[in-house]
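Whole structure, please, built from the sequences with the hints as guidance.
Protein chains: 4
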Amino acid sequence: MSTFGQIFRVTTYGESHCKSVGCIVDGIPPGMSLTEEDIQPQLTRRRPGQSKLSTPRNEKDKVEIQSGTEFGKTLGTPLAMIVKNEDQRPHDYSDMDNYPRPSHADYTYMEKYNLKASSGGGRASARETIGRVAAGAIAEKFLQQVSNVEIVAFVTQIGEIKMNRDPFDKKFQHLLNTITRSKVDAVGPIRCPDTSVAGDMVKEIEKYRGANDSIGGVVTCVIRNVPTGLGEPCFDKLEAMLAHAMLSIPASKGFEIGSGFAGVAVPGSKHNDPFYFDDESKKLRTTTNNSGGIQGGISNGENIYFSVPFKSAATICQEQETATYEGQTGILSAKGRHDPSVTPRAIPIVEAMAALVLADALLIQKARDFGKSVVH
Amino acid sequence: MSTFGQIFRVTTYGESHCKSVGCIVDGIPPGMSLTEEDIQPQLTRRRPGQSKLSTPRNEKDKVEIQSGTEFGKTLGTPLAMIVKNEDQRPHDYSDMDNYPRPSHADYTYMEKYNLKASSGGGRASARETIGRVAAGAIAEKFLQQVSNVEIVAFVTQIGEIKMNRDPFDKKFQHLLNTITRSKVDAVGPIRCPDTSVAGDMVKEIEKYRGANDSIGGVVTCVIRNVPTGLGEPCFDKLEAMLAHAMLSIPASKGFEIGSGFAGVAVPGSKHNDPFYFDDESKKLRTTTNNSGGIQGGISNGENIYFSVPFKSAATICQEQETATYEGQTGILSAKGRHDPSVTPRAIPIVEAMAALVLADALLIQKARDFGKSVVH
Amino acid sequence: MSTFGQIFRVTTYGESHCKSVGCIVDGIPPGMSLTEEDIQPQLTRRRPGQSKLSTPRNEKDKVEIQSGTEFGKTLGTPLAMIVKNEDQRPHDYSDMDNYPRPSHADYTYMEKYNLKASSGGGRASARETIGRVAAGAIAEKFLQQVSNVEIVAFVTQIGEIKMNRDPFDKKFQHLLNTITRSKVDAVGPIRCPDTSVAGDMVKEIEKYRGANDSIGGVVTCVIRNVPTGLGEPCFDKLEAMLAHAMLSIPASKGFEIGSGFAGVAVPGSKHNDPFYFDDESKKLRTTTNNSGGIQGGISNGENIYFSVPFKSAATICQEQETATYEGQTGILSAKGRHDPSVTPRAIPIVEAMAALVLADALLIQKARDFGKSVVH
Amino acid sequence: MSTFGQIFRVTTYGESHCKSVGCIVDGIPPGMSLTEEDIQPQLTRRRPGQSKLSTPRNEKDKVEIQSGTEFGKTLGTPLAMIVKNEDQRPHDYSDMDNYPRPSHADYTYMEKYNLKASSGGGRASARETIGRVAAGAIAEKFLQQVSNVEIVAFVTQIGEIKMNRDPFDKKFQHLLNTITRSKVDAVGPIRCPDTSVAGDMVKEIEKYRGANDSIGGVVTCVIRNVPTGLGEPCFDKLEAMLAHAMLSIPASKGFEIGSGFAGVAVPGSKHNDPFYFDDESKKLRTTTNNSGGIQGGISNGENIYFSVPFKSAATICQEQETATYEGQTGILSAKGRHDPSVTPRAIPIVEAMAALVLADALLIQKARDFGKSVVH
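Those protein sequences? They're chains A, B, C and D, same order as listed.
Here our numbering is used: the first residue of the first sequence is 14, the next is one more, and so on.
Here our numbering is used: the first residue of the second sequence is 14, the next is one more, and so on.
Here our numbering is used: the first residue of the third sequence is 14, the next is one more, and so on.
Here our numbering is used: the first residue of the fourth sequence is 14, the next is one more, and so on.
These are calculated hints, taken from the structure and not from any lab test.
Repeated chains share a single entry, so a pair holds when one copy, or any two copies, can fit it.
Listed next, the in silico DSSO-like pairs over lysine-lysine satisfying Cα-Cα at most 30 Å (straight line):
| no. | residue 1 | residue 2 |
| --- | --- | --- |
| 1 | LYS296 | LYS385 |
| 2 | LYS283 | LYS183 |
| 3 | LYS183 | LYS220 |
| 4 | LYS129 | LYS86 |
Structure representation (C-alpha cells):
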C-alpha cells in the first residue's frame, strides 16, 4: 500500500498526469520548527532537469504545506503536502499505447488493475517519489534535533565505472566518516564524491544518452550518529526495514549492508568487529565496522552504511522488438526525451527513505526505553 | 516486532534456553489438509546436527500443533505450533559472560534491553527461526494448492567458492527452471546443486572448521509458477517485501533480485525484457528475465529469483581480542562446538520467508481481484 | 493515528484553520466510475449552515480529486481529495486563549502536544470529519456495486425527545427495513424520520439555541444487504470495528448494536434469533434480529443496526465558571455562533464510517473466500 | 484477526477442543518481575466452575510461561503462555450437529469458513478469552508500575436488577473512586459491590437457571490514575480503542463511556466538566467527570469509566424451534449444563482488555513525549 511506518508514518499519493502529487505525514513531534524551506531543498535535488545529465522536463516541484503547522511550528497533527503537476502532457506517450514497455510496469499494472492509464505504469512513475522525499526531509530534521543524525548518499557506480566502496578498505571507511551532502553536490549533478572517477561516470552517461540508451548505477548511503538500540529483533530488524525501504524505490534491484556480498568470503575471525572502550563517548565501540552499524537487527552506534543498485532505466528512445498487449510482435519506438541514468537523482530518495526508517525506529525505541526505565 | 504479514500472518516466540519455541499462524484458509507431517520435513532440514558440516547439537525439533486443525483439516482459526527446547544447557556460555561476543547481538541487546540473558543475544538465536520455518511450510502448502507454486533455495557460494549465478547466462536461467528441492538435497548437506563445485565448498567449510573459524556464503532462491499481479505499488512492492523478509533472517547481509548488482552495468537496450506471446499459457511472457519476475513491484508471472549473502558466523572457537561490557580489553575464548557455516541451514529459512511473503501478497491480491471484477 | 482500514484504507489530515482538509483513500478497486459528483452530496449533507438548526458558518466544502482517477474511472491508485478551508477566521477564538474550554479537547491537547493551536483542539475540530465523509462516499459506492448495500442513518433522539427505537418492536424493525436516505432528508434538517416527534426535536434544539446552550442526541444507523461472513473472529469482530469507528467520531459517547443495553434483561429463550429457510434467498435467515446482523463477530446477512449517542456540544455561548491553563478561577465567555446540536450533522459521518468498516471487511473476506475455494 | 495492539501486542490462539489455548505477548518491557503467579489469579477469576452461578465444567486453567522470562524477570522478548485444554469432551455437542444454535456463531462460521468444528463456533468459544486475560495481567502489572493504574470492573446489572450507575450521581462517582477488586470479590461470585441488590441478582440468575434459560447483564469498569495525554486524535481515540476492545469480547452488545446514552439529554451548560486547580497534583482537574476521563480522544487524568452490556447466553438447555443447516424446521434440544449468566465471569476479561488498550496507548504516548521533549 501507500503507507509506510508505524509511529512516524507517511502516506503518499499521485502519479504523473493527475492534478498533484504529495503525502500526509503523521506522527511528527509537536513544536518543531518547520516550513516549506526545510523541505524544498531535497525536492529540488530530486527534480529532473537540473542538468543535461537528466531529463529536460522542467517541473518546478514547489511544495505547499496544507496542514499540521502554525506560525512555523508543527502541531503534532498530520502534515499534508502538495506538489502540483504542471507538465502533464497526457498524450505524449500515445505511440506506446498498444505496447507494454519492456521492463516497465505497464504489463504488470494491466495484470493487476486491468487498465492502461495515460501515465502508463501509474504509481511506478518517478513522480510518486516526491511525497517520500518531502516526508523524509521532515524525518531528517527531527533526527538531526535528536542526535545530530547525518544521512549522506552518493553515487559509487555508473555502468562499469566504479569508485572504491570496499568495506574492508580503510580509505572507504574514512570517506564514510567524512562525506557530507555539500561535498557530494560540489562535484556536480553526477553526485560521486570521488573526483578521479566522476568525470568518467559523466562520460558513461553521455555515451548512453548519445545512443538513445540508458545505464544503471549504484548508490551508497551512510548514516552517522545513530543512537544505539534501534530496530526490533526478529522480523523488523533495522536492516530489514532499510532493505524494505530501499527495494520500494523504483528501479532498485538490491541492497547490501556493511560487508554485504563481499563479506561472505571473509572468515569470522577477520569479519568480526572487536570491541574497545571509547574514552570520548564512554561507550563500547568497534575497531572495524563490517557489520555496518547493526548487530542482531539493532543499531550499535557505528555508521550504518549500505548500497543499492539501480537498473538501467526501462524507457529508452530506441526501437525495441517486443509484443503488443494483444500479443502481436512489433517494434516499439518511444518518443520524447528520457533520463539516461536515474541513479544520481535517486540520491535524495535514498536519503529520505533512510530517514523515514530511522525516525520510526527511534520513536518506537523511545517507547521501549521508557518501559525499561520504569519497571522493576 | 515478532509478527509478519497482514492477511496471512505469523507471530513467533522463543529463544535458545526457554521451555519451547514456536509460533501462531493466523489467516490460514479453512478446509486445507494439514498435519505435523506437512511441517516436520522443513523443520528437519533446518535442524542442526544433520552432518559434520553443521553443529553437533542434536535437537529433535519435533513440532506439535496445538490448535487450528481438526481431523487433519484447518479450521481457519489460528494454528499454534510448539517445538520443545530439549538441549538447553543454559550454563554452556558462562565463560563469555563478561564479554559481548564481537559481531553477535550481545552488546546491542544490552543497549536495547539493558540485560544479559543466558541465551546471550536472546531472539538473535538461530532457534528463533523454527517458528518461521513451521509457518512457511503451511504457506507453501497453500501456494502449491493455488497454482503449484514451487520455491527452491540452494547454496551458490561458500567463501570464495562460487557456482555460476550469472543472471545473463542461459545455463543459469535453465537451472532456475529445473532445479528441485530433491535435487538440492541429493548433493548432500552442502545443498549446492552444481556438483562441480559442491565438493570444494565442503572442503572450504572443513578448512574453517579445522581452524576454529567460520565462513559465509550465498543462498539463491527461485519461485516458479507465481500468479501475475502480486505485490503492491509504492512501499509494499513484492521485491521490497522479499527483501524485508530476507534481511530479517539472522546473519543475512543483503539481497539482490533478477540482475541485481551486476545488472547496473548492462544498458537498458540489453537489460529490458521484451515481450512475446506464449501459445501455451495464452499470455504475454518475456524472452529474458533480468527483472527477476517482478516489474514495478508486481509479479509478471516469470520466475522470481534472488540471492542473499550470509556472513561468516560470529561465534567462533578461537581467541578474540576484544573488550568486556565494562570496557576492559581482554581475550574472549569461546568454548563448545559451533557451526562453521550457517549458509546450508539457511535454505529452508529462506524458502519459508519467501512462502510467507507470497501467501500474504496472493491473498491481498485476491481481495483486489474481487474488487475489480465487480465494479463498473 | 489518522489512518483507518487495512485493505480499503483512508488517511485524513487537516484542522479548522489550515489551508485545506482532506484525505488519501488507498485500496479503491480499479475501474469504478467515480467523480466529484459521487462524493459531494454527502459532504454537502455534512456541511454546517444548511439551516438555522446548525451553525451559520458558510463553508462551501467543495471537494477536488487530486489523483487516482482518469476519465472518470478509478485507477486503483491512491485517491487524494482536498477541501479548501475558506472561512478560517483564526482570531475568532481569541477570548478563549487563556481558558481550556470545558469538555473540549483544549486541555488534553495541551497535555499531549504541549501547545495551543489557534484551532484550539486541533484535530478535535469537526472539520476533521470531511476527509472521512469523502472517503466513505467512495466506500459506499463500492458496496452498492458489490451487493446493493444500503446504509441509512437517522436521528432517533434529541435531548429528552425520543422516537421509538425499541429493538423488540416490530414497527421499529419494519422501519429499519424501509427507511431510505431520501425519506430521512425529506423531513428536513432534523433528519428524524418519525414526523410525530421531529417537530418536537426541532423545538428542543431551538430551546437550547435560545438559551445559548447545546443539547445532545442519538443517531441510529441501519445497513442492509450485507453479505454473510464479514468480520474476523476474536479482536476484529465486525461489531468491534463498527464500535471503534463510531467512538472515533467527535462527541460520540457510546455504541450499541442489535438489542444493545435493553437486551440484557431479555432471557436467552426470547433473545435468541431462531432460523428459518428463506425461499427467496435460498438461505437461512432469522425470524427476529436481536443480534443486529452479527453473530460471533461475523455478519449473518440480516440488517446490521446500531445506535450512537452524541453528547451536547462542549462549545456554548454562555458564561462558564472554570479555570485558566495556569489554574486561576474565572469566567469563560465564548463568542461566535455555535451549533446547538451536532447530532443531525453526524448522520453522514456515521454513514461514512460504517461504509469504511464494511468495505474493508468485505475485501478481507474476499481474500478468505478465495482461500477456502482453492484448498483441499 | 487474532492480534491486538501496536507496541504492546497480544496474539491469541485456541478453541474449546484443541490441545491448548494461549497467546504470545510482544513488547513487554524488559526487566520486569514476572512469574505465573502474576497471571494465574485473573485466570482463576475467569475460570468457570467457581460457584453454582456458573457452569460446573472444572477446567484447571493453569498457565505455563514458555518464553520471554529468565530468573523471574522479563527479557523484552515475546512471552508465550499456554493453558492446556483438559476437559475437551469433543462429542458432547453431538445432538446439535444438524442445527446451527440460534444467536450463536455456528451459522456465521459456516458462512465464513464453510465448516462445522466440533467446537461449534470455533473461536467464538469463551475459552478464546484465556489468552486475553493472561496477556492483560501482564499489561496490568506494567501499568501499576508506571503510575499505580488501577482497573476494577464489577457487575451493575443482571436482567432487570440494576445497581445505581447514574454518572450524574455523586454516590456513583464516589464508588468509582473507591471500589477495589477485593471489595468486588468479597461480595461473592456475583461480583456486584452493591450488597443491597447483589442478592437479588443472584436470585435472578437462579431463576433463569431453574428455567433452563439464561439472562444478560452489564459490567461497569473504572480505571484510575491514568496519565494524561494517552490516546490518538482522529481514528484511534482512547475511547475508540476501548470500545473496539470491549465489543471484541464474546456476547458484548455495546459500550458507553462517561455520561454515555443518558448524557445526551443533559445540556452542555450542565454536561461540561469545568476545570479547577488541584493543589495536590498541581494540575488542572475537573469538578465533574461526565466526560469519563477522556476529552477529544485523549485522557485528561480523571477516572475513565465505561459500561458494557452482555446479552443473555445463546446456549440454553430448553427446546428451541429453529431450522437445520439444510433449512428444515425442527426442535433443537441442547444438552449439558450451561452458564445461565456469563456476565460475572466477564469481569476479568473486561479488565484485561482495558489493560491491553492502556498499556499500548501509554507506550505510544511515551514515544510522542520523547519527540516533543527534544524538538525545537
